[in-house]
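Visitor: With chain A's structure known, arrange chain B on it following the hints.
Number of protein chains: 2
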Amino acid sequence: MRKEKLLELKQYINELKTVKIEQILGESQFIKVNRFNCLLNNQKTIFREEIIKNNLPGSAVIILPITEENNTILVVEPRVFTEKTVGIGLPAGYIEKGEQPIVAAKRELEEETGYVSNNLIELTKFYQDEGCSKAYNISFMALNAKKLKKQHLDESEFIRYFECTFDEALELVDLGYIEGVNSILTLEKAKKYVKGR
Amino acid sequence: MRKEKLLELKQYINELKTVKIEQILGESQFIKVNRFNCLLNNQKTIFREEIIKNNLPGSAVIILPITEENNTILVVEPRVFTEKTVGIGLPAGYIEKGEQPIVAAKRELEEETGYVSNNLIELTKFYQDEGCSKAYNISFMALNAKKLKKQHLDESEFIRYFECTFDEALELVDLGYIEGVNSILTLEKAKKYVKGR
Chain A
378 MRKEKLLELK QYINELKTVK IEQILGESQF IKVNRFNCLL NNQKTIFREE IIKNNLPGSA
438 VIILPITEEN NTILVVEPRV FTEKTVGIGL PAGYIEKGEQ PIVAAKRELE EETGYVSNNL
498 IELTKFYQDE GCSKAYNISF MALNAKKLKK QHLDESEFIR YFECTFDEAL ELVDLGYIEG
558 VNSILTLEKA KKYVKGR
Chain B
378 MRKEKLLELK QYINELKTVK IEQILGESQF IKVNRFNCLL NNQKTIFREE IIKNNLPGSA
438 VIILPITEEN NTILVVEPRV FTEKTVGIGL PAGYIEKGEQ PIVAAKRELE EETGYVSNNL
498 IELTKFYQDE GCSKAYNISF MALNAKKLKK QHLDESEFIR YFECTFDEAL ELVDLGYIEG
558 VNSILTLEKA KKYVKGR
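Chains as they are written, first to last, in the numbering used here: chain A, 378 to 574; chain B, 378 to 574.
Just chain A, with the same shape it has in the complex:
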């Protein structure tokens, strides 16, 4: 890992860390929980609860951008519940209502980084928390990604993006900087496809 890249990363982490967290009362807005009795084919009934995010299952897309220089783009953002309070990983986001996963992937990549790709290849898909959610995530590799636009984030999104080599991204997993399962599995599954390694 190049020293100057690690320094750049540490600056973003410092900028986005949580310095104060305060619990507030009231009903949850984004995350809801539904309750079900389920009759199984063995005639037993079990009770299960389902996590709902923004009135949807919460399925997400994860994007591994590969630039023309064969680099990748990572994002740094607040992850207020983690130990470091800041997470590093691949661009990602929730699929909107009625949206095709590949459309969501292009949209999230553009919003979070300003990079554009018209060559997205599906890498893998999986349930994120199959015991209590329908969330089914899909990972894409976005080839020939080019910085053509500006970031455009929601009000409550603060995201820094960061260019590095694919091998440096793998190193960031080993060093404990990339800790989210979506990014880790996507990088793992991409190993056999990324050229020049």
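None of these hints come from the bench; they were simulated from the model. Please note: incorrect hints may appear among the correct ones.
Remember, identical chains collapse to one label, so a pair may be satisfied in a single copy or spanning two.
Straight-line distance between alpha carbons at most 25 Å, and here's what the computed DMTMM-like set of lysine to aspartate or glutamate pairs gives [what the hints assert, rightly or not]: (1) LYS511 with GLU548; (2) LYS502 with GLU460; (3) LYS526 with GLU476; (4) LYS461 with GLU426; (5) LYS527 with GLU385; (6) LYS421 with GLU385; (7) LYS421 with GLU534; (8) LYS524 with GLU381; (9) LYS511 with ASP551; (10) LYS474 with GLU426; (11) LYS511 with GLU565; (12) LYS421 with GLU532; (13) LYS502 with GLU565; (14) LYS524 with GLU445; (15) LYS394 with GLU426; (16) LYS511 with GLU404; (17) LYS569 with GLU548; (18) LYS511 with GLU392; (19) LYS421 with GLU488; (20) LYS511 with GLU426; (21) LYS421 with GLU487.
Treat the numbers as computed from the prediction; the structure is a model and nothing was measured.
Guide: The following block gives chain B in isolation, referenced to the frame of chain A:
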């Protein structure tokens, strides 16, 4: 994949599938949502919601058992929110309050399968849903696993276990039978350690 093993698996899937699901009213019990205002180091405030499971973060252990015959043990259980309504994967479960992850791993392996191992090796760890949860999962490989006990399940748990080779487990990922990210990443990370492949 051996035909008779696939048949065995399909029988368990049929037995444990959901035939009727009915939403019920009332406050959620197992899953709760907490709300927070978070002040970042950049002086911005963001609002985030946190998923709580059974009054804990919901951190889980995942166990890849390796028997003396170099086979592995999978579990089949209801996953009522998934398309198939039944999931196949590695033994796994939530870490209890104050419990060491390795103790939780031994306990869950014994409870779900009756297999016992005293040689657990940590494979990997990761946040399961870092945007809205503190859940930090740990995967173990359980060597020399022996069938020494009976399954002992909670009232609302219906779990079948299933012996196959490690390569057959990988095949079940490729065939779309194993779809949960915890099992998939654990199997992926174990590839370099499992002997005789």
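Visitor: Now, for every hint given, state plainly whether the structure supports it.
Guide: Hints versus structure:
1. Within a single copy, LYS511 and GLU548 get their C-alpha atoms only as close as 32 Å, which misses the 25 Å cut-off; across copies the closest is 23 Å, which meets it.
2. For a Cα distance limit of 25 Å, the shortest separation of LYS502 from GLU460 across copies, 14 Å, qualifies, whereas the shortest one inside one copy, 27 Å, does not.
3. In this assembly of identical chains, LYS526 and GLU476 lie within 25 Å of each other by CA distance solely inside one copy; the values are 21 Å within and 48 Å between copies.
4. Proximity of LYS461 to GLU426 under the C-alpha cut-off of 25 Å is restricted to the inter-copy arrangement: shortest distance 17 Å between copies versus 29 Å within a copy.
5. Only within a single protomer do LYS527 and GLU385 lie at most 25 Å apart by alpha-carbon distance; the minimum there is 20 Å, versus 54 Å between protomers.
6. Proximity of LYS421 and GLU385 under a CA criterion of 25 Å is satisfied inter-copy only: 21 Å between copies versus 56 Å inside one chain copy.
7. When the C-alpha separation of LYS421 and GLU534 is checked against a cutoff of 25 Å, the pair qualifies only between copies, where the shortest distance is 10 Å, while the shortest distance within a copy is 45 Å.
8. Taking the shortest Cα distances, LYS524 and GLU381 sit within 25 Å of each other inside one copy (21 Å), while across copies they are farther apart (52 Å).
9. For a Cα distance limit of 25 Å, the shortest separation of LYS511 from ASP551 across copies, 20 Å, qualifies, whereas the shortest one inside one copy, 30 Å, does not.
10. Taking CA atoms no more than 25 Å apart as the test, LYS474 paired with GLU426 passes in both settings, with 22 Å inside one copy and 21 Å between copies.
11. Taking the shortest Cα distances, LYS511 and GLU565 sit within 25 Å of each other both inside one copy (23 Å) and across copies (23 Å).
12. In this homomeric assembly, LYS421 and GLU532 come within 25 Å of each other (Cα to Cα) only across copies, at 10 Å, whereas the closest approach inside a single copy is 47 Å.
13. In this homomeric assembly, LYS502 and GLU565 come within 25 Å of each other (Cα to Cα) both inside a single copy, at 13 Å, and across copies, at 14 Å.
14. Taking CA atoms no more than 25 Å apart as the test, LYS524 paired with GLU445 passes inside one copy only; the shortest distance there is 10 Å, against 53 Å between copies.
15. Within a single copy, LYS394 and GLU426 get their C-alpha atoms only as close as 32 Å, which misses the 25 Å cut-off; across copies the closest is 17 Å, which meets it.
16. For the identical chains of this complex, LYS511 and GLU404 are neighbours both inside a copy (22 Å) and across copies (20 Å), given an alpha-carbon limit of 25 Å.
17. Taking identical chains as interchangeable, the C-alpha atoms of LYS569 and GLU548 lie at most 25 Å apart whether they share a chain (16 Å) or sit on different chains (17 Å).
18. For the homomeric pair LYS511 and GLU392, the shortest alpha-carbon distance between copies (21 Å) is at most 25 Å, but the shortest distance inside one copy (34 Å) is not.
19. Taking CA atoms no more than 25 Å apart as the test, LYS421 paired with GLU488 passes between copies only; the shortest distance there is 19 Å, against 47 Å inside one copy.
20. Both within a single protomer and between protomers do LYS511 and GLU426 lie at most 25 Å apart by alpha-carbon distance, with minima of 11 Å and 19 Å respectively.
21. In this homomeric assembly, LYS421 and GLU487 come within 25 Å of each other (Cα to Cα) only across copies, at 23 Å, whereas the closest approach inside a single copy is 48 Å.
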